[in-house]
Amino acid sequence: GAGVSQSPRYKVAKRGQDVALRCDPISGHVSLFWYQQALGQGPEFLTYFQNEAQLDKSGLPSDRFFAERPEGSVSTLKIQRTQQEDSAVYLCASSQQTGELFFGEGSRLTVL
Amino acid sequence: SQQGEEDPQALSIQEGENATMNCSYKTSINNLQWYRQNSGRGLVHLILIRSNEREKHSGRLRVTLDTSKKSSSLLITASRAADTASYFCATVLYSGAGSYQLTFGKGTKLSVIP
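So the sequences go chain by chain: F and E.
By my numbering, the letter at position 109 of the first sequence is numbered 110, and the numbering carries on one by one without gaps.
By my numbering, the letter at position 100 of the second sequence is numbered 85, and the numbering carries on one by one without gaps.
In short, the hints are calculated from the structure, not lab data.
Check before you lean on any hint, since a few could be wrong.
Output of the computed footprint for chain E on chain F, the stretches with three or more beta carbons under 8 Å from beta carbons of chain E [claimed, not checked]:
id : segment
1  : 49 to 61
2  : 67 to 73
Straight-line C-alpha distance at most 27 Å; calculated DSSO-like pairs for lysine-lysine [as the list claims (entries may be wrong)]:
id : chain 1 : residue 1 : chain 2 : residue 2
3  : E       : Lys11     : E       : Lys94
4  : F       : Lys79     : F       : Lys15
5  : F       : Lys12     : F       : Lys58
6  : E       : Lys41     : F       : Lys58
7  : E       : Lys11     : E       : Lys54
8  : E       : Lys91     : F       : Lys79
9  : E       : Lys55     : E       : Lys41
10 : F       : Lys58     : E       : Lys91
11 : E       : Lys55     : E       : Lys91
12 : E       : Lys41     : E       : Lys91
13 : E       : Lys41     : F       : Lys12
14 : F       : Lys58     : F       : Lys15
Quick caveat, the model's predicted, so the values are computed rather than measured.
Think of the CB as a built atom: it goes at the ideal place given N, C-alpha and C, for glycine as much as any other residue.
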């Protein structure tokens, strides 16, 4: 596709449910990032992949958060046993190497 | 945690005026980037300035970088209502094994009044 695609755009989950958020990066982009953005705040780094290798996961807030990119293309961010504080917009971005990031529209998660 | 700190947090100007946003950061960087975000949308890259550059222009945008003061500024000239958005600076630091960190500030919310 022409840009980074994220799905679902909106997700409402009951507290305790597991959710999976998908990111389709721009074809050929090596680097893939996940960010979490709370309302009115800047994006907070979660994790970074270079191809299929997860090189940095220092931003994942707890062991309930898990990300994968098994074939170096599509990535999934999984949140287990969701809590209300997980409510946020989850942004995915990809880039060629170390240049500008191309962002998707984000997945807005609301945990009730 | 967020490395950059934008100033001001919010800015309201009349169409046609210039808008200046500042960004301060704490650690060494390889480059600094500015992004724009319209409400409810993803971020869009505006401009990248490398650590050995002092100034860069792109259309109505002018970015400066002072690594000694660990600060950058974004100037939008002749603003338009369509420039209304949040603007974020992002610092980039290359670490070992091919990895790099791109860290955003909290942003400046710009309102351009027609």
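Okay, the hints, checked on the actual structure:
1. Coverage of the segment 49 to 61 of chain F by chain E holds [criterion: at least 3 residues with CB-CB distance below 8 Å; count 4].
2. Counting residues of the segment 67 to 73 of chain F whose C-beta sits closer than 8 Å to any C-beta of chain E gives 0, which falls short of three, so the coverage hint is violated.
3. A C-alpha spacing of about 22 Å is found between Lys11(E) and Lys94(E), which places the hinted pair at or below 27 Å, so the restraint holds.
4. In summary, the hint linking Lys79(F) to Lys15(F) is supported, as the alpha carbons are separated by about 15 Å, within the 27 Å threshold.
5. Of the supplied pair hints, the one linking Lys12(F) and Lys58(F) holds, its CA atoms being roughly 23 Å apart against a limit of 27 Å.
6. Only pairs whose Cα atoms come within 27 Å are accepted, and Lys41(E) paired with Lys58(F) is rejected, the gap being roughly 33 Å.
7. In summary, the hint linking Lys11(E) to Lys54(E) is supported, as the alpha carbons are separated by about 9 Å, within the 27 Å threshold.
8. With a C-alpha separation of about 25 Å, the suggested pairing of Lys91(E) with Lys79(F) holds against the 27 Å cut-off.
9. A C-alpha spacing of about 16 Å is found between Lys55(E) and Lys41(E), which places the hinted pair at or below 27 Å, so the restraint holds.
10. Restraint check for Lys58(F) and Lys91(E): the C-alpha separation of about 21 Å stays at or below 27 Å, so the hint holds.
11. Proposed proximity of Lys55(E) and Lys91(E) is supported: the alpha carbons are some 16 Å apart, at most 27 Å.
12. Of the supplied pair hints, the one linking Lys41(E) and Lys91(E) holds, its CA atoms being roughly 22 Å apart against a limit of 27 Å.
13. Distance restraint check for Lys41(E) and Lys12(F): the Cα-Cα separation of roughly 40 Å exceeds the 27 Å cut-off, and the hinted pair is therefore not satisfied.
14. Restraint check for Lys58(F) and Lys15(F): satisfied, since their Cα atoms lie roughly 26 Å apart, inside the 27 Å limit.
In the structure shown, a violation is registered for the earlier hints numbered 2, 6, 13, in ascending order.
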